[in-house]
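Given next are the chains, with one letter for each unit.
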Amino acid sequence: MSTTPIDLPHGAQGAHDAGHGHGDVDPHFQHHFTTMEQQNDTAKIGMWLFLVTEILLFGGLFVGFGLMQGRYPREFVEAHTHLVRWQGSLNTIVLLFSSFTMVMAVDSAKKNKPSKTVWYLVITIICAFVFLFVKYLEYSHKFEEGWYPAKWYRGVGDAIPGSHGYATFFAFYFMMTGLHGIHIVVGIGLLSWILMRARRGEFSSAYYTPVDLVGLYWHIVDMIWIYLFPLYYLIQ
Amino acid sequence: MTTHTETHSAGGHAGKHEHGGPTTYALTLVALLILTGITIGASYIDLGSGNVVVALAIATIKATLVALFFMHLLWDKPVNRIIAVAGFLFLGIFLMFDLIDLDARNYYLPQNVHRTVVPLVPGTAPAPLTEILPNPDEGPTGATPVPGAEAPAASTAPAPAAAAPASEKK
Numbered sequence: 001m002s003t004t005p006i007d008l009p010h011g012a013q014g015a016h017d018a019g020h021g022h023g024d025v026d027p028h029f030q031h032h033f034t035t036m037e038q039q040n041d042t043a044k045i046g047m048w049l050f051l052v053t054e055i056l057l058f059g060g061l062f063v064g065f066g067l068m069q070g071r072y073p074r075e076f077v078e079a080h081t082h083l084v085r086w087q088g089s090l091n092t093i094v095l096l097f098s099s100f101t102m103v104m105a106v107d108s109a110k111k112n113k114p115s116k117t118v119w120y121l122v123i124t125i126i127c128a129f130v131f132l133f134v135k136y137l138e139y140s141h142k143f144e145e146g147w148y149p150a151k152w153y154r155g156v157g158d159a160i161p162g163s164h165g166y167a168t169f170f171a172f173y174f175m176m177t178g179l180h181g182i183h184i185v186v187g188i189g190l191l192s193w194i195l196m197r198a199r200r201g202e203f204s205s206a207y208y209t210p211v212d213l214v215g216l217y218w219h220i221v222d223m224i225w226i227y228l229f230p231l232y233y234l235i236q
Numbered sequence: 001m002t003t004h005t006e007t008h009s010a011g012g013h014a015g016k017h018e019h020g021g022p023t024t025y026a027l028t029l030v031a032l033l034i035l036t037g038i039t040i041g042a043s044y045i046d047l048g049s050g051n052v053v054v055a056l057a058i059a060t061i062k063a064t065l066v067a068l069f070f071m072h073l074l075w076d077k078p079v080n081r082i083i084a085v086a087g088f089l090f091l092g093i094f095l096m097f098d099l100i101d102l103d104a105r106n107y108y109l110p111q112n113v114h115r116t117v118v119p120l121v122p123g124t125a126p127a128p129l130t131e132i133l134p135n136p137d138e139g140p141t142g143a144t145p146v147p148g149a150e151a152p153a154a155s156t157a158p159a160p161a162a163a164a165p166a167s168e169k170k
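Sequence order for the protein chains is G and U.
Residue 1 is where the first sequence starts when you use our numbering, and the numbers rise one by one after that.
Residue 1 is where the second sequence starts when you use our numbering, and the numbers rise one by one after that.
In isolation and in its complexed conformation, chain U is listed as follows:
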């Protein structure tokens, strides 16, 4: 009997709890527009590398507002919340490991950068700094395999030739 009365109340109204509503959405829009203004204003202030951090922090606040109120995650079933958070979590792992990689790269990248000392002759353009030369550490190792590299090539070459007649016999 109790289950029957419950089904009546659950079926009668699609939204059991009144949530959201035009006022909430309008306030969300106002907050989003104010944050947009702040992010545009902050971009005029030179914070060095901090500019990107500030921009991304404000963007994340805005995205959270959109997800919670416009996309109803605040009132939605936990399953959908878990899915959304998991998506961003894995994106965060992706980003984090790439940043670690980028950070480690910077440690040895200057060794690869070609820094030619150009004599200061008027009219000559300075050499670009970003031209990447072969790594000096790899120089000797890169040169030695040349005689050695031909040996595997020579040894592998007869192999297909030997295999070809075998396939022709069939």
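Chain G with its partners taken away, still in its complex shape:
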């Protein structure tokens, strides 16, 4: 026992354990980690730190939105009514459902069911595209009415002096939903990458960290929408 100063449970000491019959080293195991579990935990901590920066990024925009709402209360409430309620509600349901299919994909990867993982990921990606399609309908309607952000605003109230409120509202609307939309597009890319790896059968109960981390990313995107939806679409 004194020959092994550090405990190496998961295959890291495969070379020593070859005689015991469970010595095959996981191909995903990187040599600078002590154990596979440590490697996974490290990746997860890193992901959570990144998610916190995401929370603070959107948090700053939410605070700015709140301050501007305090400054232009009348214009903001009026501009809110131009947003289409059912589009926001539909997108909320789609994203919540996709969060469910995502967590099921992680669950099935953990339980050694790669074909199920593939299907859950496919459904998640379809949901993401549905979300973007509804967003496209929303944006094209806004553009037709001239509700562009900031100085490009050509919509209702343009001629009224002090109508910066409308332009400011739509600046925040496009900035926040647009940044969220970019996150959805990035998410589609990540999900497709995970999907391809899952089809190759790379994930198992021993190694499914990428699925887990992309899942965390997808949930934070959903979480941000949970706040965007009532603040933009439901305020009257």
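Please keep in mind that the hints were generated in silico from the structure rather than gathered at the bench.
Below are the SDA-like pairs computed for lysine to any residue, each with C-alpha atoms no more than 25 Å apart in a straight line:
| # | chain 1 | residue 1 | chain 2 | residue 2 |
| --- | --- | --- | --- | --- |
| 1 | G | LYS113 | U | GLY20 |
| 2 | G | LYS110 | U | TRP75 |
| 3 | G | LYS113 | U | LEU29 |
| 4 | G | LYS44 | U | ALA86 |
| 5 | G | LYS135 | G | VAL185 |
| 6 | G | LYS151 | G | SER140 |
| 7 | G | LYS116 | U | GLY21 |
| 8 | G | LYS116 | U | VAL30 |
| 9 | G | LYS113 | U | HIS72 |
| 10 | G | LYS113 | U | LEU73 |
| 11 | G | LYS135 | U | ILE38 |
| 12 | G | LYS44 | U | PRO78 |
| 13 | U | LYS77 | G | VAL52 |
| 14 | G | LYS44 | G | SER205 |
| 15 | G | LYS151 | G | VAL63 |
| 16 | U | LYS77 | G | ASP26 |
| 17 | G | LYS44 | U | HIS19 |
| 18 | G | LYS113 | U | GLY21 |
| 19 | G | LYS142 | G | GLY181 |
| 20 | G | LYS135 | G | SER89 |
| 21 | G | LYS44 | U | LEU74 |
| 22 | G | LYS142 | U | TYR44 |
| 23 | G | LYS135 | G | LEU179 |
| 24 | U | LYS77 | G | PRO210 |
| 25 | G | LYS151 | G | GLY181 |
| 26 | U | LYS77 | G | THR101 |
| 27 | G | LYS116 | U | LEU33 |
| 28 | G | LYS142 | G | LEU61 |
| 29 | G | LYS142 | G | TRP86 |
| 30 | G | LYS44 | U | ILE83 |
| 31 | U | LYS77 | G | ILE45 |
| 32 | G | LYS110 | G | THR34 |
| 33 | G | LYS113 | G | SER204 |
Using the hints, position chain U against chain G.
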């Protein structure tokens, strides 16, 4: 010897404790959808400024459900929980100080708002209330620096000129 048997059990199963699972996730989804319905329904009831409070409270419950069950924070290592909570804590500090600032601003903002008394002539639009005038308190102070402001400008102007030959000599 004991450490060796422990490594066997720890290495054999990635998830030592069975947690989560399809039933838990499905129930979470149902709860999230019900809360979405409640928040849509509540928005039709006029509660004044209470509408925002209700909407944000429900959104926070939903976000907590997502974090605990979908993001596994309920069963995760404490480190990840601390990181997540710290993120929201600092966002809360950020929000709180901005709200204090906004609250204090409202106290003196009406002094800046231009309220012109428009004679009720038919056909004339009432003046907008949100046009911001220069603060009357700053009026005299804003006017007096004008002669004084030229003096520093005049005194600073030769300085670069004096510095320029010095750099040319080099």
